[in-house]
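> One line per chain: the protein sequences are A and B, in this order.
Going by the numbering used here, the letters in the first sequence line up with residues 1 to 356, in that order.
Going by the numbering used here, the letters in the second sequence line up with residues 1 to 246, in that order.
Derived from the structure by calculation, the hints contain no laboratory data.
A portion of the hints provided could be inaccurate.
In the DSS-like style, the derived pairs of lysine-lysine whose C-alpha atoms are separated by at most 25 Å in a straight line are [as the list claims (entries may be wrong)]:
id, chain 1, residue 1, chain 2, residue 2
1, B, 242, B, 188
2, B, 141, B, 242
3, A, 193, A, 177
4, B, 182, A, 200
5, A, 200, B, 12
6, B, 189, B, 242
7, A, 209, B, 12
8, B, 153, B, 141
9, B, 202, A, 200
10, A, 274, A, 349
11, B, 182, B, 159
12, A, 228, A, 193
As a plain string of letters, each chain reads:
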Amino acid sequence: MSKRLFVKGNEAAAMGAVEAGCRYYFGYPITPQSDIPEYLSRELPPLNGEFIQAESEIGAINMLLGASATGARAMTSSSSPGISLKQEGISYMAGAELPGVIINISRSGPGLGGIDASQSDYFQCVKGGGHGGYHIPVLAPNSVQEMYDLTMHAFDLADLYRTPVMLLGDSVIGQMKEALIPNPRPVRELPAKGWAVRGKSGAEQRVVKSLFLGDGELEAHNWHLHAKYQVMKEKECISEEYETADARLIVAGFGSVSRIAHTAVTMARAEGMKVGLFRPVTLFPFPEQALAQAAARAGKVLVVELNTGQMVEDVRLSVGAAAQVSFYGRPPGAGSLPSPEELLEVIRKNYQETAR
Amino acid sequence: MQQVFKRPQSLKDVQTHFCPGCHHGTIHRLVADAMDLYGVQDRTIGVASVGCSVFLYGYFDIDVVEAPHGRAPAVATGVKRARPDSFVFTYQGDGDLAAIGTAEIIHAANRGEDITVVFVNNTTYGMTGGQMAPTTLVGQKTSTSPYGRDKSKDGSPIKMAELMAQLGGVAYSARVAVDSPKHVLEAKKVMREAFGYQAQGKGFSFVEVLSACPTNWGMNPLKANARIGEEMIPYFPLGVFKKEEA
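All chains, full assembly: derive it from the sequences and hints.
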């Protein structure tokens, strides 16, 4: 029997990184993610790894860029304002096609905001964030177990597609403790890193760069990146469904709020309402087809987010005219998590509208 | 017949694209010469910065990583920590290193990263068209200091080699110039010494090179060379400011 641990989400992500073979971590303290650098500062040196507390989030992301360029598995983590600072480096890494994992235990904003759970950075994470029109895979765990499993998955995706990958959680996911079964890293065939800089050693010169000045070079590069995103959309979507088969109303939510929505859906079922839950696990690529199918069957989708409406735009694009879309959000603010009863009331109202 | 002078092995056999009178070519030679001296070409990873110096990989026959503006010391930190057996240097201009990248250079130096930093100081932003740099001399006219740098408003030119020498992690810090054959020979010696620190794993080394940007200075190459001796060296003295014994 596998051992069962009782750990924080942040620690689970750090453990997943170590299990995935990550030996280099660069970060800068910010609440509510500091358990990650604290854990890795303790665990990496005995594994012959390196932990560096950088001078800033900008320093950290660029150390990640450098380590990744050598082909090593490396990671950084931060929270919303820190991720804003990292966006320059993320754009460069996307442009230079460098793998690397970035954990974002987001907080509320804008500006300094607060450390409470919030999903107000969906756009920043999913729509590029930095300059230049790129995408990176964004994974949204909703449990301690997924913090561990999806961090391992993030490293594989990063190497498979030569791209930075972000794990997006919040203080509910990062700070809560739950049971974790630290399964061994899944075996996945990954491409060799022939592009990595190692010193020539008699071979051809290798250059890791995002500057393409030749005629048509940059356009070709951008088409290449675009093609990669299309492959991700076909192959890498992950979503979870609960009670959607006969549902006439689908509640859609990701991360922390999906747990509250899950409870509310169970309560609604107990009242005899045919309600289901759709949870995107990958926010990019967004599970458009799976959602569209579930939505078309139900006819109505209620999107719940801890913001004033961001993922709802992707939901509308996914379902098109096949289903009606409504939204319920709670913007950032201390104590603004909706209770299951609060969501149940919103579900009742939306469900009654479908019955008319 | 004995060959007494040749292109360093670490440099590619290509024509330069830099402006007439620009010193990048000379400085590239000095860097390549030091690399050859220690036989590190095959394990060297260069970190290119933003500006004219980004084209490093077009001239050096080595593996290269491109860094965002000012971030080369952080990128080099990641490279060296992940591959401690590699030889890592950054090549940065004054806007890159002394303005946007001030935090990165100071902290990489202070951590004592085992890398070498080549700092090309021509008192202006070259590629962007001659704007005021942190090293622009007081009174110097640039496209963003059209009335001349005003100390009371713009501050004083930053003396990076001296600043670096104050930091605990720095093993070697020096300033050289490449305006005359005599100075180039001195610079060659200093560059070799600086690279030697890393070749022997002795820690962070820093070489500031005073160089010309005739195009943006609005001077011909000869006048630009003369300006280095007449205006720059009096403010930015040449010399070795720190040399830690092993």
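> Each hint: holds or not?
Here's how the hints hold up against the structure:
1. Between the alpha carbons of residue 242(B) and residue 188(B) the distance comes to roughly 17 Å, so the proposed pair stays at or under 25 Å and holds.
2. Proximity of residue 141(B) to residue 242(B) is assessed by CA-CA distance (about 32 Å); at most 25 Å being required, the pair is judged violated.
3. Note on residue 193(A) and residue 177(A): the hinted pairing is violated, with a Cα-Cα distance of about 36 Å set against a maximum of 25 Å.
4. Between residue 182(B) and residue 200(A) the CA atoms are separated by roughly 33 Å; this puts the pair beyond 25 Å, and the hint is violated.
5. For the proposed pair residue 200(A) and residue 12(B), the alpha carbon gap of about 14 Å is at most 25 Å, so the pair holds.
6. Simply put, residue 189(B) and residue 242(B) have alpha-carbon atoms about 15 Å apart, close enough for the 25 Å limit, and the pair holds.
7. Proposed proximity of residue 209(A) and residue 12(B) is supported: the alpha carbons are some 19 Å apart, at most 25 Å.
8. Annotation: proposed proximity of residue 153(B) to residue 141(B) holds, straight-line Cα distance about 14 Å (limit 25 Å).
9. Proximity of residue 202(B) to residue 200(A) is assessed by CA-CA distance (about 23 Å); at most 25 Å being required, the pair is judged to hold.
10. For the hint pairing residue 274(A) with residue 349(A), the CA-to-CA distance comes to about 13 Å; that is within 25 Å, so the pair holds.
11. As the CA atoms of residue 182(B) and residue 159(B) are separated by approximately 23 Å, the hinted pair is consistent with the 25 Å bound.
12. Distance restraint check for residue 228(A) and residue 193(A): the Cα-Cα separation of roughly 17 Å lies within the 25 Å cut-off, and the hinted pair is therefore satisfied.
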